[in-house]
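Could you put together the complete structure from these sequences and hints?
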Amino acid sequence: MNLRKIFKNGFLILLASLVLTACATQKKTTGQVEGDVYTGSDSVEYLASGVADRVFFATNETVLTTASRETLRKQAAWLRKNSKLTVVLEGHADERGTREYNLAIGERRANSAKDYLMTYGISSDRISVLSYGKERPVDSGTNPLAWSKNRRSVTVKAN
Amino acid sequence: MLFRYLFILLILLPIKSFALIEVDITRGNLSPLPVAVSPLSIDEDSRNSFKKILKKENIGSEISAIVENNLKQSGLFNPLNKDAFLQKPDIANLKPRFEDWNLIKAQALITGKVTFVDEKLRVEFRLWDVLAGKEMMALAFTTVPSNWRRVGHIISDKVYERLTGENGYFDTRIIYVSEEGPKTNRIKKLAIMDQDGFNNKYLTLGNELVLTPRFSPTNQMVTYLSYFKNLPRVYLLDIETGMQEVVGDFPGMTFAPRFSPDGKKIIMSFAENGNSDIYTMDLENRIVERITNHPSIDTSPSFSPDGKQITFNSDRSKYQQIYIMDSNGKNVKRISFGNGLYGTPVWSPRGDLIAFTKLHKGKFYIGVMRTDGTGERLLTENFYQEAPSWSPNGRVLIFYRETKTNSKGEGFSAKLWSIDLTGYNEKMVTTETDASDPSWSSLLTN
Numbered sequence: 003m004n005l006r007k008i009f010k011n012g013f014l015i016l017l018a019s020l021v022l023t024a025c026a027t028q029k030k031t032t033g034q035v036e037g038d039v040y041t042g043s044d045s046v047e048y049l050a051s052g053v054a055d056r057v058f059f060a061t062n063e064t065v066l067t068t069a070s071r072e073t074l075r076k077q078a079a080w081l082r083k084n085s086k087l088t089v090v091l092e093g094h095a096d097e098r099g100t101r102e103y104n105l106a107i108g109e110r111r112a113n114s115a116k117d118y119l120m121t122y123g124i125s126s127d128r129i130s131v132l133s134y135g136k137e138r139p140v141d142s143g144t145n146p147l148a149w150s151k152n153r154r155s156v157t158v159k160a161n
Numbered sequence: 004m005l006f007r008y009l010f011i012l013l014i015l016l017p018i019k020s021f022a023l024i025e026v027d028i029t030r031g032n033l034s035p036l037p038v039a040v041s042p043l044s045i046d047e048d049s050r051n052s053f054k055k056i057l058k059k060e061n062i063g064s065e066i067s068a069i070v071e072n073n074l075k076q077s078g079l080f081n082p083l084n085k086d087a088f089l090q091k092p093d094i095a096n097l098k099p100r101f102e103d104w105n106l107i108k109a110q111a112l113i114t115g116k117v118t119f120v121d122e123k124l125r126v127e128f129r130l131w132d133v134l135a136g137k138e139m140m141a142l143a144f145t146t147v148p149s150n151w152r153r154v155g156h157i158i159s160d161k162v163y164e165r166l167t168g169e170n171g172y173f174d175t176r177i178i179y180v181s182e183e184g185p186k187t188n189r190i191k192k193l194a195i196m197d198q199d200g201f202n203n204k205y206l207t208l209g210n211e212l213v214l215t216p217r218f219s220p221t222n223q224m225v226t227y228l229s230y231f232k233n234l235p236r237v238y239l240l241d242i243e244t245g246m247q248e249v250v251g252d253f254p255g256m257t258f259a260p261r262f263s264p265d266g267k268k269i270i271m272s273f274a275e276n277g278n279s280d281i282y283t284m285d286l287e288n289r290i291v292e293r294i295t296n297h298p299s300i301d302t303s304p305s306f307s308p309d310g311k312q313i314t315f316n317s318d319r320s321k322y323q324q325i326y327i328m329d330s331n332g333k334n335v336k337r338i339s340f341g342n343g344l345y346g347t348p349v350w351s352p353r354g355d356l357i358a359f360t361k362l363h364k365g366k367f368y369i370g371v372m373r374t375d376g377t378g379e380r381l382l383t384e385n386f387y388q389e390a391p392s393w394s395p396n397g398r399v400l401i402f403y404r405e406t407k408t409n410s411k412g413e414g415f416s417a418k419l420w421s422i423d424l425t426g427y428n429e430k431m432v433t434t435e436t437d438a439s440d441p442s443w444s445s446l447l448t449n
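Chains as they are written, first to last, in the numbering used here: chain X, 3 to 161; chain Y, 4 to 449.
No lab work stands behind these hints, which were simulated from the structure alone. If you're wondering where the values come from, they're calculated on a predicted model, not measured in any experiment. Any given hint might turn out to be false.
[As the list claims (entries may be wrong)] Calculated pairs, DSBU-like style, for lysine-lysine (alpha carbon to alpha carbon, straight line, at most 35 angstroms): (1) Y/K232 x X/K159; (2) Y/K85 x Y/K59; (3) Y/K366 x Y/K204; (4) Y/K336 x Y/K364; (5) Y/K430 x Y/K59; (6) Y/K232 x X/K83; (7) Y/K108 x Y/K85; (8) Y/K267 x Y/K430; (9) Y/K418 x Y/K430; (10) Y/K192 x Y/K418; (11) Y/K75 x Y/K407; (12) Y/K186 x Y/K232; (13) Y/K186 x X/K159; (14) Y/K192 x Y/K407; (15) Y/K232 x X/K86; (16) Y/K192 x X/K159; (17) X/K76 x X/K86; (18) X/K76 x Y/K232; (19) Y/K366 x Y/K333; (20) Y/K98 x Y/K55; (21) Y/K98 x Y/K108; (22) Y/K321 x X/K159; (23) Y/K418 x Y/K232; (24) Y/K186 x X/K76; (25) Y/K123 x Y/K137; (26) Y/K321 x Y/K333; (27) Y/K321 x X/K76.
[Stated by the list, open to error] Distance windows between CB atoms, simulated: (28) Y/H363 x X/T121: 33 to 39 angstroms; (29) Y/N276 x X/Y48: 24 to 30 angstroms; (30) X/S45 x Y/T448: 51 to 57 angstroms; (31) Y/H363 x X/S142: 23 to 29 angstroms; (32) X/N84 x Y/G341: 49 to 55 angstroms; (33) X/Y48 x Y/G343: 36 to 42 angstroms.
Backbone N, C-alpha and C define an ideal beta-carbon position, used for all residues, glycine too.
In structure tokens, the structure reads:
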């Protein structure tokens, strides 16, 4: 009986502290998130004028959004123009998952981007894929905005 | 031979009395057993010899301090303050005055003696039942002096075994990933240490990202993921020789490796075209077998101790859940059905339980369930924690937890933690640097 009481109290204290930390992390509001997908431009770099280097994903998702497909069509056009270039697609996950599963989901995200580039005429031997899972976040924050920036596939010039 | 030092062990006297003291380890222990660990006695000559070799003032006290610390950390024992001890170590070892030890409420007493014999360390120790006034166990070891810490761990294991009826877990090591630097560019190295945090050694330099090291059953080898040359692949490392090799010849990322219980195979995931499936490779004949063939992500495989089954996590039901299957990939069965996502299943060395990480409503839990998925118990809850690994006796789990270092949610630290299977005795494991991905070895001496 006593034990149960101790447990209950301990649990309440834990809950209270979690609520407090949660409040503290939700103040940052730079950038935008739509339906869990990052739509801002923070951390985005450009492969060429108007050609963004990365696309973002929803939590636990690997499908491309309409905006992502548009970005990738621009990348495909740029790759067709620069036919000697090869690229690495680096797939990433946020920290809210187990390490091994996140490696797999990073690989799947990068391959979603790769498949799309291929349907726009880029040969698969110009594209390699590398998953970092959650090992290389671009934003070290522990809040939904930071996580949305980290769920990404980044196209990096390889030569 | 890193783990095969000379160890001569002899039983001084037959164990004659049955134990009156018993420690029940199956429930949370709210009243740990009061135990007196008398410093091991040492004669002047031996003391001076060890001082020269080991740079320790009194090796007898040092060894008993290891025993004391181990017993205390287990949460099952309460080592009493030495200031209250009435009897001198050398006399206590010959014939304890039980009334004296009873007076300070000790129920068990550990005594012993250290001597320097033929350049070797000889340790004898005795375990006494204070209430019954009887000797419960007497053992002696001879080994090279540099093994002195391990002698402390072996004594701890023997005491634990005698009083709980279960195997100990103190003469063991932990392999883990040492972490330094900012979160966006962490430097990670493989590191190995004794279970109590001593004798820490780095096995890689930090030039490439390394993840998820796991011991082979004999503790000689480690399998892990390395990003050497930016090609994430499963590697095999011989701890003794430092030799490393890639496991298999896969055209893409291999990850999530573990050994089979007989040490002959490595089970892992291979990712290709956005799909991860589970494979094994035989280390002798290099034959690769595909175990799962499903368009979902199948990863984090772990064998049952008899090698007949495999548990893994898969998102074939849309989200990450835990499954079991036969070792040939047949009879796949989902076993986790609670709310939330389930990952990192690890089969207990006793065979009866699977430990896991659960993610639900923004919190991470370490828990256990029976192998049919019933009896789920969550042991600990936090903002972020994962990757449980079992102590060799299946009583304790070690895992890692990341915490924010200030109230604004800025900065973070990653540390190893251990918790008893009962959900009690949660403790941080001290490491030199930040740490993650712990893997517990089996007992070094059997």
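Status of the hints after comparison with the structure:
no., hint, result
1, Y/K232 x X/K159, "holds (16 angstroms)"
2, Y/K85 x Y/K59, "holds (19 angstroms)"
3, Y/K366 x Y/K204, "holds (33 angstroms)"
4, Y/K336 x Y/K364, "holds (25 angstroms)"
5, Y/K430 x Y/K59, "holds (28 angstroms)"
6, Y/K232 x X/K83, "holds (29 angstroms)"
7, Y/K108 x Y/K85, "holds (13 angstroms)"
8, Y/K267 x Y/K430, "holds (34 angstroms)"
9, Y/K418 x Y/K430, "holds (10 angstroms)"
10, Y/K192 x Y/K418, "holds (14 angstroms)"
11, Y/K75 x Y/K407, "holds (29 angstroms)"
12, Y/K186 x Y/K232, "holds (21 angstroms)"
13, Y/K186 x X/K159, "holds (24 angstroms)"
14, Y/K192 x Y/K407, "holds (22 angstroms)"
15, Y/K232 x X/K86, "holds (23 angstroms)"
16, Y/K192 x X/K159, "holds (28 angstroms)"
17, X/K76 x X/K86, "holds (17 angstroms)"
18, X/K76 x Y/K232, "holds (30 angstroms)"
19, Y/K366 x Y/K333, "holds (33 angstroms)"
20, Y/K98 x Y/K55, "holds (31 angstroms)"
21, Y/K98 x Y/K108, "holds (18 angstroms)"
22, Y/K321 x X/K159, "holds (33 angstroms)"
23, Y/K418 x Y/K232, "holds (28 angstroms)"
24, Y/K186 x X/K76, "holds (31 angstroms)"
25, Y/K123 x Y/K137, "holds (30 angstroms)"
26, Y/K321 x Y/K333, "holds (21 angstroms)"
27, Y/K321 x X/K76, "holds (31 angstroms)"
28, Y/H363 x X/T121: 33 to 39 angstroms, "holds (37 angstroms)"
29, Y/N276 x X/Y48: 24 to 30 angstroms, "holds (28 angstroms)"
30, X/S45 x Y/T448: 51 to 57 angstroms, "holds (52 angstroms)"
31, Y/H363 x X/S142: 23 to 29 angstroms, "holds (24 angstroms)"
32, X/N84 x Y/G341: 49 to 55 angstroms, "holds (51 angstroms)"
33, X/Y48 x Y/G343: 36 to 42 angstroms, "holds (39 angstroms)"
The structure fails none of the hints (numbered hints given earlier).
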